[in-house]
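2 protein chains.
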Amino acid sequence: MRIVVLAGGIGGARFLRGLKRAVPDADITVIGNTGDDIHLFGLKVCPDLDTVMYTLGGGINEEQGWGRADETFHLKEELSAYGVGPEWFGLGDRDFATHIVRTQMLGAGYPLSAVTEALCDRWKPGVRLLPMSDDRVETHVAVELDGERKAIHFQEYWVRLRASVPAEAVVPVGAEQAKPAPGVLEAIAGADVVLFPPSNPVVSVGTILAVPGIREAIADAGVPVVGLSPIVGDAPVRGMADKVLAAVGVESTAAAVAEHYGSGLLDGWLVDTVDAAAVERVEAAGIRCRAVPLMMTDLEATTRMAREALALAEEVRGA
Amino acid sequence: MRIVVLAGGIGGARFLRGLKRAVPDADITVIGNTGDDIHLFGLKVCPDLDTVMYTLGGGINEEQGWGRADETFHLKEELSAYGVGPEWFGLGDRDFATHIVRTQMLGAGYPLSAVTEALCDRWKPGVRLLPMSDDRVETHVAVELDGERKAIHFQEYWVRLRASVPAEAVVPVGAEQAKPAPGVLEAIAGADVVLFPPSNPVVSVGTILAVPGIREAIADAGVPVVGLSPIVGDAPVRGMADKVLAAVGVESTAAAVAEHYGSGLLDGWLVDTVDAAAVERVEAAGIRCRAVPLMMTDLEATTRMAREALALAEEVRGA
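So the protein lines, in turn, are chains A and B.
Counting from 1, one number per residue, gives the positions in the first sequence under UniProt numbering.
Counting from 1, one number per residue, gives the positions in the second sequence under UniProt numbering.
Hints were generated in silico from the structure; no laboratory data involved.
Relax, there's no trap hidden among the hints.
Derived lysine to aspartate or glutamate pairs resembling DMTMM-like cross-links, with alpha carbons at most 20 angstroms apart: (1) Lys-179(B) with Glu-138(B); (2) Lys-124(A) with Glu-77(B); (3) Lys-124(B) with Glu-62(B); (4) Lys-150(A) with Glu-138(A); (5) Lys-124(B) with Glu-77(A); (6) Lys-179(A) with Asp-135(A).
The following block holds chain A by itself, in its conformation from the complex:
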């Protein structure tokens, strides 16, 4: 079975761990969000790609969900001592190595997809990890700060401000000119099923879909497209998805997110059992819907979620 998964960071990475366990023999291609990539200290940092790579490769800080296990922060302390920031982005000593290798390879002319493959040669995540694009796409968030309206980098909004001010708009700068990375459209066209894990529908999955050609390829693939709601009981399971959903005029409910994707893209949608009442509304929008437990409390629960998503895909296929 060939499965394509559109993944952001923590939610996507943890779901993938369950998916690999649910179908160990599946051929899984992950299309990773690069809209939250950021240049820090002259280095190219790809938080979502790295979270997937570290999580599946056994190097993740489990409690935190991002960054490396057994990490130290001496380099960052020293940068602060030099007065060099930003201080709000937590890069650890081990993590820095990934960004140094990536930056060197990019500087030598390799595209991000080739660099990601080289990094995965070490981590062996057990999936094929592709950046959504080799072109630079950078998600900016329009906010009002100190009485002034300005666009800031997504990471500044998310990490520095902790989404504490309303997001007036979310713009994946560069997405319109970006091309899908080599292998992305081919993977989608050859997939048996496409999954949207419980990742942020705006700044993770939404950014991937903003790269011209990807949304169309998924809609045209003629295979089941099934998503899992990142909203449980009208609130994000983790993160602050509600803040960016508001920016695109979508209410923070499991049903509204399904409608936001739309029946032209999505065939099936899983909501949590606490949102069972949403099933009817989602199905009325032309999207097959089931209510199942959606809390990724441990690998067992996550594996069950992946099985439910694949079961719903088969149900869609048989319909």
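Position chain B relative to chain A; hints supplied.
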């Protein structure tokens, strides 16, 4: 008193600590060797400048003589895990920060002299530290390896090979085209005394003197120029100076090094008490010479060495 010191790495840095203690109110300008600078992992590393900065700024690893105190090597371990080398150059996590800041500033267009000043803003070494040049100079060593004659970077010769093969030639590539960094010639012209610490006469002091204009400025300054022998009892006090002295046809003795500098440049020379027999030969070459203890065993001994060098300078001046 305005003192100019031409410094390499460990020997120069330790001598400077004694000099500062000997004359706390002196205005000391250090002209640092940059011929052993190297690009590693996309970063610009300046080992000699950093050794001076860390030693005088209180950040040095005292036992080792280079690198940072309280250091960890997690980043480097990770680079090795990625298969990215060289593994033979020991960059620690704290040390990396210096190279990242430097590389970012150079990338932004600042010359090395301005970058060094910015780094020293943090370390406050208590001297004015100038790179010998803002232009790239890279010391290469001609060796025969595996039956093939080739030129390798000085660090590869020194650190990876530990000078285990004969150096057939030592070439400061780029030196002929290099200009002294801003402030270098002015500092020399305004000095009351110029000192050569017990640094490597070929790859440290020699490289600085290879930048057109610096040797001439010292010779023309009309002030005492006094050096301290890095060779004690026919062997280098530390390091492998004998290997590179052989490459330039100079025997590894305190007297031969003084003659190598020559009376056109050098006015006074300190040899260790074990080399007292060399005094006559050095003086016969037109260079005033004294035999005093030259082992920098502790700060007290180093301070006495600095005082002896300054005393010899006054003797020269009065002559």
